[in-house]
Amino acid sequence: MAIAEKETLGFQAEVKQLLQLMIHSLYSNKEIFLRELISNASDAADKLRFEAINNDALYGNDHELKIKVTFDKAARTITISDNGIGMNRDEVISHLGTIAKSGTKEFFGKLSGDQQADAALIGQFGVGFYSGFIVADKITVETRRAGVYANEGVRWESGGEGDYSVEQIEKASRGTDIILHLREGEDELLSSWKLKSIIRKYSDHISLPILMQKDEWDAEKKETVVKDEFETVNQASALWARNKADITPEQYNEFYKHVSHDFQDPLTLTHNRVEGRSEYTQLLYVPSHAPFDLWDRNKRGGIKLYVKRVFIMDDAEQLMPAYLRFIKGVIDSNDLPLNVSREILQESRDVKVIREGSTKRVLGMLEELANADEQEKKDKYTTFWTEFGQVLKEGIGEDATNKDRIAKLLRFASTTNDNADQTVSLADYLARMKEGQDKIYYVTGESFTAAKNSPHLEIFRKKGVEVLLLTDRVDEWMLSFLTEFEGKELVSVAKGGLDLGGLEDEAEKKEHEETENSYKELVEKMKAALGDKAKDVRVTFRLTDSPACLVADENELSGNLLRMLKAAGQNAPESKPILEINPNHPLVTRLKHEDADSSRFADWSHIMFDQAMLAEGGSLSDPASFVKRLNEMLLATSN
1 MAIAEKETLG FQAEVKQLLQ LMIHSLYSNK EIFLRELISN ASDAADKLRF
51 EAINNDALYG NDHELKIKVT FDKAARTITI SDNGIGMNRD EVISHLGTIA
101 KSGTKEFFGK LSGDQQADAA LIGQFGVGFY SGFIVADKIT VETRRAGVYA
151 NEGVRWESGG EGDYSVEQIE KASRGTDIIL HLREGEDELL SSWKLKSIIR
201 KYSDHISLPI LMQKDEWDAE KKETVVKDEF ETVNQASALW ARNKADITPE
251 QYNEFYKHVS HDFQDPLTLT HNRVEGRSEY TQLLYVPSHA PFDLWDRNKR
301 GGIKLYVKRV FIMDDAEQLM PAYLRFIKGV IDSNDLPLNV SREILQESRD
351 VKVIREGSTK RVLGMLEELA NADEQEKKDK YTTFWTEFGQ VLKEGIGEDA
401 TNKDRIAKLL RFASTTNDNA DQTVSLADYL ARMKEGQDKI YYVTGESFTA
451 AKNSPHLEIF RKKGVEVLLL TDRVDEWMLS FLTEFEGKEL VSVAKGGLDL
501 GGLEDEAEKK EHEETENSYK ELVEKMKAAL GDKAKDVRVT FRLTDSPACL
551 VADENELSGN LLRMLKAAGQ NAPESKPILE INPNHPLVTR LKHEDADSSR
601 FADWSHIMFD QAMLAEGGSL SDPASFVKRL NEMLLATSN
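Position 408 of the sequence shown, counted from 1, bears residue number 408 in full-length UniProt numbering, the numbering being contiguous throughout.
Mixed in with the good hints, there may be bad ones.
Here are the computed distance ranges between Cβ atoms for each label pair [as the list claims (entries may be wrong)]:
1. P337 with K244: 21 to 31 Å
2. E14 with G497: 50 to 60 Å
3. E347 with D314: 18 to 28 Å
4. S575 with R273: 51 to 61 Å
5. I344 with D163: 42 to 52 Å
6. E91 with E343: 19 to 29 Å
7. S447 with T483: 23 to 33 Å
8. K576 with E347: 20 to 30 Å
9. I344 with D553: 41 to 51 Å
10. E554 with E524: 20 to 30 Å
11. K16 with S341: 52 to 62 Å
Below, a list of computed lysine-lysine pairs in the BS3-like style, where the Cα atoms sit at most 25 Å apart [stated by the list, open to error]:
12. K527 with K592
13. K509 with K439
14. K535 with K592
15. K509 with K495
16. K377 with K403
17. K214 with K196
18. K495 with K439
19. K6 with K16
20. K68 with K214
21. K66 with K194
22. K378 with K408
23. K30 with K138
24. K463 with K488
25. K576 with K628
26. K576 with K533
27. K196 with K138
28. K16 with K68
Since the hints were made in silico from the structure, they are not lab data. All C-beta atoms in this analysis are idealised placements derived from N, C-alpha and C, irrespective of residue type, glycine included.
Based on the sequences and whatever the hints tell you, model everything.
Structure, rendered in structure tokens:
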């Protein structure tokens, strides 16, 4: 129940921090305050339309939704008014006193104090209402929720410092009035021409009429006089419903900023009207950077759903698969019912058609960038992959229908490059395969450096065979679904026995067989010395410089995946690695002639195993014993 007395409340800590940073970091682009407040007003009207589908009485006697922008030179105020859904007292405190976004604290932890860098991050976060404080040193909000009595209005007021006040007021009409009390030096905004130019620049796409008072030149007074008559200053039609030829790139970009609350232009977009069994319009954007909450599992999608231009819901996740959750935009259906709910969306055949069609459209948009000859588009795909590549990889396991298309869009680091840039496609890899090579080789690691320096790569470097270096956390999961590409099997160089296929000639194979036979006795002695520490010991020819390496059995989890699971606190299945020894390394040759019953043989065997574990980025179960053995061996060698 609303209360009459005025109450002063403190801002949430994150709001205080945002206000301080925003006023300084975003001042160079201060005009955006009007875009943000008009965008909020448009959303309020959309929400009223949606609630009124089942309760027309919410409109009262005012069915014509609109936004008004007025100013008062004497009072030095600008007022943005709407007759949308409005807010009650609890909603005012929730929406204007707190930031209800998961990951907020982590977001603020990324801020550096560098104004330019922080401005990009703050824009990524979305500031909405608080942008008014860029130009105002006090903001008054007067609002009344649709469907309640006139005496249940609410006034919110703050100087943007540590607190704000809330009180009950009488408000004759529903909706919200935001009154900006301008800071010193912002008088240029108290002009019809200036405000209209900002609206036409940033908010022309808003489908509601944005009204301002007409003005005309008074020759007698030699000044512009504002009249009581209002005029519409924007096109006031749904941008996605217009002909593509009539929409400028700037209008597309500003509409993106409206639906996404992003400050930067999108990377690319697709705008289509689909006709057939299901009729709908899609205007979909790929952002130019990842949002701060991209990895939030509870985050809904970024698609606004309309039915016949009537707003239905934000974040309609049923219209886009989870691996494309970064896509922003609008889908407007001619077939869905106006009273559609999230539950109905899950069951609807029309929604399934829209989802499939929109997924294919987005993949087509990405393919156009990925396969382009123009450098500008290639650079855009590089940007896309840097920002969203890890998310797109999820599609390999989630979308069997489009798996092959997604596989062609993947990019990896590889041994052909000295840096960690993920620029190699699977098609690139196939084009560079050696004669006789019939597999795509890869290695996984916790970092680019760890993968690049893996001892498992030694024979491949010697033979000049390219190996993909996979270091994203999602890679191990993805590889359980991506087992081949265009008929070529993907094979880990750190799992199973080494099979180079046609890359080995008969002479090499015969030589390897003879070497294995000559080392059978050493292998058996090392097995006995290591006990249950190793699943097996065997001779390998994948090494050229290292004495030994560890590999996982063909059907077991890789060492890298086991380490990731343990680090995440997951129960990893018990799995012992296989120790492979290099018969051409001096340490192995020396060990071959060591007495199996001596303590030195056992120590050398354990040291070799532990060194191999460290070389692949693992941790030792008993590091103290390793150090003790190593010290003893060093002392023995020096004597």
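Exercise. Is the hinted range of 21 to 31 Å satisfied by the C-beta distance from P337 to K244?
Worked result: Holds, at about 28 Å.
For this session: Go ahead and decide if the range 20 to 30 Å is satisfied by the Cβ distance of E554 to E524.
Result: 22 Å, holds
Exercise. Is the straight-line distance between the alpha-carbon of K535 and that of K592 25 Å or less?
Worked result: Holds. K535 to K592 sits at ~20 Å (cutoff 25 Å).
Problem set entry | Pair hint outcome, K509 versus K495 [Cα-Cα no greater than 25 Å] | 20 Å, holds
Exercise. Between E14 and G497, is the Cβ distance one that fits in 50 to 60 Å?
Worked result: Once the Cβ atoms are compared, 55 Å apart, the range 50 to 60 Å for G497 and E14 holds.
Problem set entry | Straight-line alpha-carbon gap K509 to K439, limit 25 Å | 18 Å, holds
Exercise. Keeping to a limit of 25 Å between CA atoms, is the pair of K377 and K403 held or broken?
Worked result: 23 Å, holds
Problem set entry | Beta-carbon spacing of I344 to D553 - inside the hinted bounds 41 to 51 Å or not | 49 Å, holds
For this session: Indicate whether the distance between the beta carbons of K16 and S341 respects the range 52 to 62 Å.
Result: 38 Å, violated
Exercise. Has the given pair, K66 with K194, been kept, meaning a C-alpha gap of at most 25 Å?
Worked result: Distance ~20 Å between K66 and K194 Cα, so the pair holds.
Problem set entry | Agreement of K196 and K138 with the hint, judged by alpha carbon distance not exceeding 25 Å | 23 Å, holds
Problem set entry | Given hint K592 paired with K527 - CA-CA distance at most 25 Å | Distance ~13 Å between K527 and K592 Cα, so the pair holds.
Against the hints set out earlier in the document, violations occur for numbers 8, 11 and 28.
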